Amino acid sequence: MSAREEILGRIRQAVRDAPEVGIPRGYRTAARVDDLVGLFAERVDDYRAIVHVLPSAEVPAKIAELVRGRRMVVPDGLPEEWAGEAERAGGSLADLDAAGGVVTGCAVAIAETGTIVLDAGPGQGTRAQTLVPDYHLCVVRADQIVAGVPEAVARLDPARPLTWISGPSATSDIELNRVEGVHGPRTLEVIVST
Amino acid sequence: MRVALFITCVNDTLFPGTGKAVVSLLRRLGCEVDFPAAQTCCGQMHVNTGYREEGVRLARHFTEVFSGYDAVVAPSGSCAAMVREQYPKLVRPGSRGAAAIGEVAPKVYELSEFLIDVLKVEDVGAYFPHRVTYHPTCHSLRGLRLGDRPARLLSHVRGLELVPLPAAEECCGFGGTFAVKNPAVSAAMGADKVRNVLGTGAEVLCAADNSCLMHIGGTLNRQKAGVRIMHLAEILATTEATG
Amino acid sequence: MSGTFLGMPGNFPKNAEKAVQDSQLRFNLRKATHTIRGKRASVVDELPDWQELRAAGKAIKDETLRHLDRYLVQLEDAVTGAGGHVHWARDAAEANRIVTGLVKATGESEVVKVKSMATQEIGLNEALAEHGITAYETDLAELIVQLGDDFPSHILVPAIHRNRAEIREIFLDKMAETPEGLTDEPAALAEAARLHLRERFLRSKVAISGANFMVAETGTLVVLESEGNGRMCLTLPETLISVVGIEKLLPSWRDLEVFLQLLPRSSTGERMNPYTSMWTGATEGQDFHLVLLDNGRTDVLADEVGRQALRCIRCSACLNVCPVYERAGGHAYGSVYPGPIGAILTPQLRGMGSELDASLPYASSLCGACYDVCPVAIDIPEVLVDLRAKAPHGRAERAGMRVAGWVLGNEVRLAKAQRLATRFRKLVPRRLPGPLSAWTDTRDLPEIPEESFRDWWERHERP
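Residue numbers (the numbering used here), protein chains in the order written: chain A, 1 to 194; chain B, 1 to 243; chain C, 1 to 463.
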């Protein structure tokens, strides 16, 4: 008998008398948050990421200011006005490693947890592009922010590769104290465009 | 109200003063107290050490002895939790044993529950002019969820100064046969509990379980720490006339 | 990790006795567990619907287990449909054989690894080494354990037993290159780990991971992490092999809305961990293999009481709150699964044939703190008590318990025994002999009273 058949058979034998289960979903699926942008910014800041909340018209200038002098990775599909005049990094792994940063948009953001989700869609880059450079600048449109985790899960497409980002890379492996900056980007800067 | 006292085997054998205190307290509050003489032990030690057969036999004996009472009061959070929380897991649902347990178990109360939830009294007229700290004990806290009931009772005791115990919710390390099966860890937990008790400057350490107090008190005595242990019932039973 | 826990000698009480005397270890563990305890409590209290999430999490896992066969087949179809390959492993040896074969097929002799309990459980690194394949752990704590030739002692933070000064020593000793003037500041140590692994990440062709969740409906795998080493391993290499226990499933995509709230808050005590990666099948041109691991899980599943242990999402909240773990440390449990969850999982996965495994169900005072914090409501004390009934008992203990049961079985016998004790009460020595010395080594005995309660009642109160 194949391992597959044997394991499936053992499972059927093991649970044959187990009771059926109902799933109570009494938790919040549409949390009420009065100030989504404010809460999101506060929670991102808690992770020691840098946050700016700006009217959309001021975003391009802010990006230009932040990426000046850096060789940036600019993913396909990023709005031209967000790409700024930064020098553009190449696409090889070595180029990514040598780049001064990456600028992206996002798929959805979560206020309650201060999380940004990338789904590799237009302007969000491949997973390597947002991982290898040491600086990640992410632009979040206010209408992309949802209150809680359930709202975000509902908006996402599981067929796409998803990366949930909550602050810069960190570790708590030394005496359970959180330290920012290990293998992922050590600096996360977020612009909320309102 | 006619209530049955479930003394518990540990109190019966080693701490009769606690039983006497419960009797005098309940009578003072107008209850008629009965002591069913056939009672022995709830079976917790056997069940929790892995001797289910003996434990089930003791559980059956318990349900026979205590059926038919309006209320059964035990001066032990642990033994009350055993009957209420663990007995139902010892029998097949729908069996005769399950029915018997279903009849008796809900009527079994730990002392502070009985006073507050059934008799609806918080001020039992006690007088105890001492500095006291309270250890909530695991099965009272997380098994029966007694919450602040003991503290409410103590807060009405005249003359009593209740000082909070740091890390009160942490286990003292007794754990029944755990104390002898894992003596090093048990003693280390006990040492930390004792350090917290001594830090309060209390004269008396109070709890609703004499088995935990026996462990903490045994450690205190070995250290000649000069802190007395007292069961909640003994403090609540003390009045200006008796104290 | 330099060795496996399998076949470790000793028993829990003896191992714990040694640990209790190690004051540095006690200090490290107390500090770490109390820090994380506080963090967890504050982010859990923040959610008004924690208990509802917990109830849903428990039920979703029970539903998964109830129809595990169906969901596994659904998962297999979805992963295969998305270009991945699915393998089934009955036990550790089979899983190791599959993974070794897959790595060999790539022609590589080095792999990078994301922290995974399943691969530790099966001793994968050692199996790969036997075939000349070197596995590099990339999680900081795993790296500390691997470099220090040590055993993991915690599910989330395998090097929890080490403090910063000890970690610095290990790095200076074992890393080929360390930054000049390396201090014991956590940030400096993290930087050293970054430099140490950077090149390896960029050139590795094969990675091995576990997964926190697999979604049957969509074939999606989910890995939660903090450092970015997970993203490095999951994203950059050409071949990704994930070894995952069959119980790690969730039925539907939507179920993640529950577990992505329960796990980070219970585990690192954060609202969300820094990085979560989700992928479905072969992604961005990668070759993806999923190895589904049984290794004793179907035995656990067959146990009516014990199967709830398979709900575990490896958050380690139970370790962090356990007073026994805090004092005994993780190594005393002799398993990759230490603490309260280990005390119920290890004896079920491995059986209770060894002295060590048979002692694990007793490694608890049954205080219940673990059950309170468990995000999927595993009633650990209930399973412990159930396992104790199945554990082998020593002959002397069995005889003693039988006598105790006989005496307590009837009030006349109990009263006689009490009177006997009362009569000889002045003769009880301060230190008891034999196994009971375990009590009197550190504690005084209570004084035996002149009269039992029942005799007092008989004399004064009987109507």
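Please keep in mind that the hints were generated in silico from the structure rather than gathered at the bench. Keep in mind that a hint or two might mislead.
[Stated by the list, open to error] List of simulated lysine-lysine pairs, PhoX-like, C-alpha gap at most 25 Å:
#1 C:39 - C:18
#2 C:426 - C:416
#3 B:20 - B:107
#4 B:181 - C:205
#5 C:205 - C:104
#6 B:120 - B:107
#7 B:20 - C:31
#8 B:89 - C:390
#9 B:89 - B:107
#10 C:390 - C:14
#11 C:14 - C:31
#12 B:224 - C:104
#13 B:181 - C:104
#14 B:181 - B:20
#15 C:39 - B:181
#16 B:20 - C:426
[Unchecked claim] Beyond 10 Å from chain B on every Cβ pair, some chain C residues (computed):
#17 49
#18 66
#19 69
#20 105
#21 165
#22 196
#23 199
#24 363
#25 441
#26 443
Remember, it's a predicted structure, so these values are computed and weren't measured experimentally. Where a beta carbon is used, it is the ideal one built from N, C-alpha and C, also for glycine.
Given hint residue 104 (chain C) paired with residue 181 (chain B) - CA-CA distance at most 25 Å: Violated, because 48 Å separates the two Cα atoms, which is more than 25 Å.
Given hint residue 205 (chain C) paired with residue 181 (chain B) - CA-CA distance at most 25 Å: 50 Å, violated
Pairwise hint evaluation, residue 426 (chain C) against residue 20 (chain B), where the allowed Cα distance is 25 Å at most: 23 Å, holds
Residue 105 (chain C) non-interfacial with respect to chain B [C-beta, more than 10 Å]: Consistent with the label, residue 105 (chain C) stays out of reach of chain B, its closest Cβ about 48 Å off (over 10 Å).
Verdict on residue 69 (chain C) as a residue remote from chain B, using beta-carbon distances over 10 Å: Consistent with the label, residue 69 (chain C) stays out of reach of chain B, its closest Cβ about 26 Å off (over 10 Å).
Straight-line alpha-carbon gap residue 39 (chain C) to residue 181 (chain B), limit 25 Å: 33 Å, violated
Holds or violated: residue 426 (chain C) to residue 416 (chain C), with C-alpha atoms at most 25 Å apart: Roughly 17 Å between the alpha carbons, so the hint for residue 426 (chain C) and residue 416 (chain C) holds.
Least C-beta distance between residue 49 (chain C) and chain B, which was stated to exceed 10 Å: 20 Å, holds
Status of residue 66 (chain C), Cβ more than 10 Å from any chain B Cβ: 18 Å, holds
Claimed clearance of chain B by residue 441 (chain C), with the beta carbon kept past 10 Å: 6 Å, violated
Pair hint residue 181 (chain B) and residue 20 (chain B), alpha-carbon separation not exceeding 25 Å: Since the Cα atoms of residue 181 (chain B) and residue 20 (chain B) sit roughly 32 Å apart, the hinted pair is violated (cutoff 25 Å).
Hint consistency between residue 89 (chain B) and residue 107 (chain B) [alpha-carbon to alpha-carbon, up to 25 Å]: 17 Å, holds
Hint check: violations occur at hints 1, 4, 7, 12, 13, 14, 15, 24, 25, 26; the rest are consistent with the structure.
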